[in-house]
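Going down the list, the sequences are from chains G and E.
Those letters in the first sequence? Residues 0 to 376, per numbering that gives the first Met the number 0, in order.
Those letters in the second sequence? Residues 0 to 376, per numbering that gives the first Met the number 0, in order.
FYI, nobody ran anything at the bench for these hints, they're computed from the structure.
Incorrect hints may appear among the rest.
[What the hints assert, rightly or not] Estimated spans, in silico, between C-beta atoms of each pair: (1) E:Lys-362 x G:Ser-327: 54 to 60 Å; (2) E:Ser-304 x G:His-55: 25 to 31 Å; (3) G:Glu-30 x E:Phe-290: 51 to 57 Å; (4) E:Ile-123 x G:Glu-72: 27 to 33 Å.
Here a beta-carbon is modelled for each residue, glycine too, at the ideal position from N, C-alpha and C.
There are 2 protein chains.
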Amino acid sequence: MSFSDLPTPSIILDWHKLVQNCGKMSKLATEHGVRLRPHLKTAKCGQVARLATEGHFGGLTVSTVAEARYFAENGFRDLTYAVGIAPSKVDDLHAIQTAFDAKIGLILDSSDAAIAVAERASAIGAKFSVFIEIDTGAGRGGVSPTDRSLLEIGEAIASRPHLRPAGVLTHAGHSYLARSPEEMRTIAADERSGAVLAADRLRSHGLQCEQVSIGSTPTVLNSDGFDGVTEIRPGVYTFFDIDQASLGVCQVSDIACTVLATVIGHNRRSGHILIDAGALALSKDLSPAKFRTDVQFGLISYADSSEPIPGLSLTSLHQEHGLISSSSGVPPYDRMPIGSRVRVFPNHVCLTVAPYEKYFVAKNKEVMAIWDKARGW
Amino acid sequence: MSFSDLPTPSIILDWHKLVQNCGKMSKLATEHGVRLRPHLKTAKCGQVARLATEGHFGGLTVSTVAEARYFAENGFRDLTYAVGIAPSKVDDLHAIQTAFDAKIGLILDSSDAAIAVAERASAIGAKFSVFIEIDTGAGRGGVSPTDRSLLEIGEAIASRPHLRPAGVLTHAGHSYLARSPEEMRTIAADERSGAVLAADRLRSHGLQCEQVSIGSTPTVLNSDGFDGVTEIRPGVYTFFDIDQASLGVCQVSDIACTVLATVIGHNRRSGHILIDAGALALSKDLSPAKFRTDVQFGLISYADSSEPIPGLSLTSLHQEHGLISSSSGVPPYDRMPIGSRVRVFPNHVCLTVAPYEKYFVAKNKEVMAIWDKARGW
Chain G
0 MSFSDLPTPS IILDWHKLVQ NCGKMSKLAT EHGVRLRPHL KTAKCGQVAR
50 LATEGHFGGL TVSTVAEARY FAENGFRDLT YAVGIAPSKV DDLHAIQTAF
100 DAKIGLILDS SDAAIAVAER ASAIGAKFSV FIEIDTGAGR GGVSPTDRSL
150 LEIGEAIASR PHLRPAGVLT HAGHSYLARS PEEMRTIAAD ERSGAVLAAD
200 RLRSHGLQCE QVSIGSTPTV LNSDGFDGVT EIRPGVYTFF DIDQASLGVC
250 QVSDIACTVL ATVIGHNRRS GHILIDAGAL ALSKDLSPAK FRTDVQFGLI
300 SYADSSEPIP GLSLTSLHQE HGLISSSSGV PPYDRMPIGS RVRVFPNHVC
350 LTVAPYEKYF VAKNKEVMAI WDKARGW
Chain E
0 MSFSDLPTPS IILDWHKLVQ NCGKMSKLAT EHGVRLRPHL KTAKCGQVAR
50 LATEGHFGGL TVSTVAEARY FAENGFRDLT YAVGIAPSKV DDLHAIQTAF
100 DAKIGLILDS SDAAIAVAER ASAIGAKFSV FIEIDTGAGR GGVSPTDRSL
150 LEIGEAIASR PHLRPAGVLT HAGHSYLARS PEEMRTIAAD ERSGAVLAAD
200 RLRSHGLQCE QVSIGSTPTV LNSDGFDGVT EIRPGVYTFF DIDQASLGVC
250 QVSDIACTVL ATVIGHNRRS GHILIDAGAL ALSKDLSPAK FRTDVQFGLI
300 SYADSSEPIP GLSLTSLHQE HGLISSSSGV PPYDRMPIGS RVRVFPNHVC
350 LTVAPYEKYF VAKNKEVMAI WDKARGW
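Could you build all of it, start to finish, from the sequences and the hints given here?
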């Protein structure tokens, strides 16, 4: 099957790049002696999870109950649900643990949450490993490593028989906003030292803290070391995207995931080539706009190329329409006739691929496999 | 079933508001003597389509092949696929026509597209009604009403036995950018007059042009009249959203669709309440930012209220996290304890609901039905 046989919009995964991206991270984890628990919220795909965990212990990170169920069905038995746990999700996660003999780790950042989860777990006879989420600067979830409440949360977990203290976990999401490799290294250092400090405080207080889990793709790839860290959880490195390339974390040529689209119109008055990939097929994420003004909603290549065409970008997205513009004012109408195919390099691949049902996996421009994936919640 | 029993994130449809919204548009179409072919790209739901077409001829507008298939399966036999047709979609649409004895109208805006579609249709024995798409100012798809090529396209369609000329079709999508009711009325007038002019030119040239199909929710609701128009295709009016309310097209109290979410954390250092509805559950659409600065990624109400809480909004979205902030600097932690429920009023509801599998339909805060829907492509 070649690209011209595929429906559009579709996601194409480049097998060689995917293997290369997974291999590099795998090697990094092995060399540094840390467990690799890749975040599969990006790919949501069992085959990608198998590639990413090859040679490692097989643990995954997930961000929805649907992903937890899907990966348990796909044979993954050690999952961390790395979004602050809502007590109302305990029943579903317990059902998955039971049905698949799986172990799902939870995260929380308050005694209130620990108590509420423990009560629900106790009511239904569930048992969960629990990580304390640490805020190492992102300002999203998590307790500060130096906060007094850290020890109270540790005690709240330790004293409840339906919860098992698993350790501490942090995600330096603000690394996505770093303006330079130096800034990223600083954030990586803060992520590591904050998590280690929190773990040390818990241990000094006589509380168990086996795992020290950190990670985002930018910090893991810009870290000066992993002292005290037991586990890393990067995710977007499997595919990479324009945002990561703009951050300097990868090259555009490392991007393993593109959206195949069909040219459906030329509007010469407004200077646009129209494609059948719009806001739903790509997401309206504008992350790279922090770093460069030429990307807008995504970059474009011809279908048979993996090099974005200089000067072309998606300047407008409607629900099912994408509008390609050229910095020259005139996009290449003749090279992109109606019915021809192009590929879009996505800004933020996690959001782009989420609603798709499957991936078309290509080796040297031939589709060699179709992989299923999770979606929804 | 009450809201506290639902999984999160989930979509809640308010039955009374939905019926009211559909009823008003239905009445408008009847009073003006135009056919109502609602755009179901917003709701993607058979039950909503039944409500929206009650008392009308039952035609729908769709924007994906998946929607065409879903609505044909749900008994709708007269569909317009209102995205410029790619020849590669002809086979799938023909299969749907055949399997369900349905009629799917296509749109195109060039002779090249007409020739390519006719060739494919001829090769597989398909026949399609075809609308010529007219650009009445939006600058997306469509040929200008005054363009010489309009007649060439009309001839290209008329001369091909596998295509049936159906008329002209336009969508004044730039109405979403109008700054005042006056501007919207001007755009509505341009939409109508442009479509009518195109139809007149075709007819004067001896070409058949039965339907003159126009419409967006803002222009239909701000039109001074529908002379020469045979059909309207609004869509977002079924649900409405913050963008439409910001445009002045509806009141916030008309919004029939909200996202139910659970509070999963309090970050008092950064001043945020965290919920389990993020970029995937809401979309990163920022349309209302054109009109008001207080909305950001969406407005928030308590679960049992349908009034947004003044000063609260979603200021940051991560993949599965939403961060609520208060203009006062301190969001209502005590009124939103961990595990409690809130509702998000979406910015652009078409994008928000797209990835969900189903709707929870509520009458007076009790869930009375679960409706399925289409998703994907």
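Status of each hint after checking the structure:
1. At about 56 Å, the beta-carbon gap between Lys-362 of chain E and Ser-327 of chain G stays in the expected band of 54 to 60 Å.
2. The hinted range of 25 to 31 Å is not satisfied by Ser-304 of chain E and His-55 of chain G, whose Cβ atoms lie roughly 48 Å apart.
3. Taking the beta carbon of each, Glu-30 of chain G and Phe-290 of chain E are about 52 Å apart, inside 51 to 57 Å as hinted.
4. Separation of Ile-123 of chain E from Glu-72 of chain G is about 38 Å and departs from the stated range, judged on CB atoms against 27 to 33 Å.
In the structure shown, a violation is registered for the earlier hints numbered 2, 4, in ascending order.
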